[in-house]
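Novice: Next come the chains, spelled out residue by residue.
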Amino acid sequence: MELSVVAFWILSTIAVVSAIGVVFFKNIVYSVLSLISALIAISGLFFNLGAELVGALQILIYAVAIVVFYVLVISTVPQYKGEAVDPKYALLSAPFGFILFLELAYVSVYGLWASNTGIFSPDIFQQISNAKAVATLLFTKYLFPFEVASLILLVAMIGAILLGKKDIVEDEEGGA
Amino acid sequence: MVPYEYYVALSGLLMVLGLIGVIVRKNVIAMLISTELMLNAVNIAFVAFDVKLHDVVGQVFVFFILTIAAAEAAVGLGLIMAIYRMKKDVDVEKLTELKG
Chain S
1 MELSVVAFWI
11 LSTIAVVSAI
21 GVVFFKNIVY
31 SVLSLISALI
41 AISGLFFNLG
51 AELVGALQIL
61 IYAVAIVVFY
71 VLVISTVPQY
81 KGEAVDPKYA
91 LLSAPFGFIL
101 FLELAYVSVY
111 GLWASNTGIF
121 SPDIFQQISN
131 AKAVATLLFT
141 KYLFPFEVAS
151 LILLVAMIGA
161 ILLGKKDIVE
171 DEEGGA
Chain G
1 MVPYEYYVAL
11 SGLLMVLGLI
21 GVIVRKNVIA
31 MLISTELMLN
41 AVNIAFVAFD
51 VKLHDVVGQV
61 FVFFILTIAA
71 AEAAVGLGLI
81 MAIYRMKKDV
91 DVEKLTELKG
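Protein chains in written order, with the working numbering: chain S, 1 to 176; chain G, 1 to 100.
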């Protein structure tokens with residue numbers, strides 16, 4: 001068997017098992033650890049597909065930065081005492097999940113796909129690297145969305161600071 | 001090479017698991033984590049279609065999704081901190097101010 005096929009099955013098994021762990025672990029810390037495992041497996045799948053830049057960004061941004069946010073908040077909020085899964089919604093979620101999976105499978109199998117119209121065939125990738133191809137498109141055709149993304153990050157940072165800070169405004173009418 | 005349909009099927013499976021997580025969990029933080037799982041499922045589908053269509057536009061959009069996911073995590077967790085400070089709880093059954 002080819003090596004990429006073996007890698008696909010191992011990594012996808014890890015990703016699916018970790019995702020089940022994310023959904024069903026009672027302790028939220030175990031959920032976050034399962035999320036890290038799933039994110040690293042998905043990053044390996046990106047490398048397996050030949051998308052090195054996205055795989056590296058996945059590890060750097062998701063598995064490090066975003067997960068650290070979650071760990072910080074979990075360390076602040078005391079441990080959640082109630083049950084993890086609501087039984088009445090668990091019964092409800094099975095048909096909805098099944099219907100969504102059937103729809104996604106139908107679209108994937110019978111969808112009307114466009115043919116190979118792109119210019120980045122595998123022999124092009126032999127000459128220029130994946131990172132160069134993605135970065136060229138990002139800084140020419142998608143330059144304006146790239147700048148807007150930086151603005152969104154700035155707004156999100158200001159919003160997170162404002163939402164997260166303690167309320168230090170004194171009650172001016174109190175005391176009387 | 002693995003056919004790209006397998007990657008799309010894996011993406012659908014992760015999407016469904018994330019949706020089930022959003023529906024069944026009672027802890028707000030766990031619901032937000034399940035949302036991250038759904039965003040990752042979309043990323044896998046983008047990269048798989050890139051390989052099929054011999055293009056790199058999907059990977060550019062994966063870059064944007066990573067940016068939005070970071071912003072979403074920052075603002076969402078800031079909201080959860082504010083809610084916790086006000087209500088001393090993260091159980092969705094207890095946060096029912098908007099219920100008619």
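Read the hints as simulated data drawn from the structure, not as lab findings. The reader is advised that the hints may include incorrect statements.
[As the list claims (entries may be wrong)] On the chain S side, residues computed to face chain G include the following (Cβ under 8 angstroms):
#1 A19
#2 I42
#3 G44
#4 V54
#5 A56
#6 V77
#7 Y80
#8 S121
#9 L143
[Claimed, not checked] Listed below are the simulated DSS-like cross-link pairs for lysine-lysine, each with C-alpha atoms no more than 25 angstroms apart in a straight line:
#10 G/K87 x S/K165
#11 S/K132 x S/K88
#12 G/K87 x G/K99
#13 G/K52 x S/K26
#14 G/K87 x G/K26
#15 G/K99 x S/K81
#16 G/K99 x S/K88
#17 S/K165 x S/K88
#18 S/K81 x G/K26
#19 G/K99 x G/K52
None of the values given here were measured: they were computed from a predicted structure. Glycine included, each C-beta is placed from N, C-alpha and C at the ideal position.
Novice: Of all the hints numbered above, which does this structure not satisfy? Sort the numbers upward.
Specialist: 3, 5, 9, 11, 13, 17 and 19
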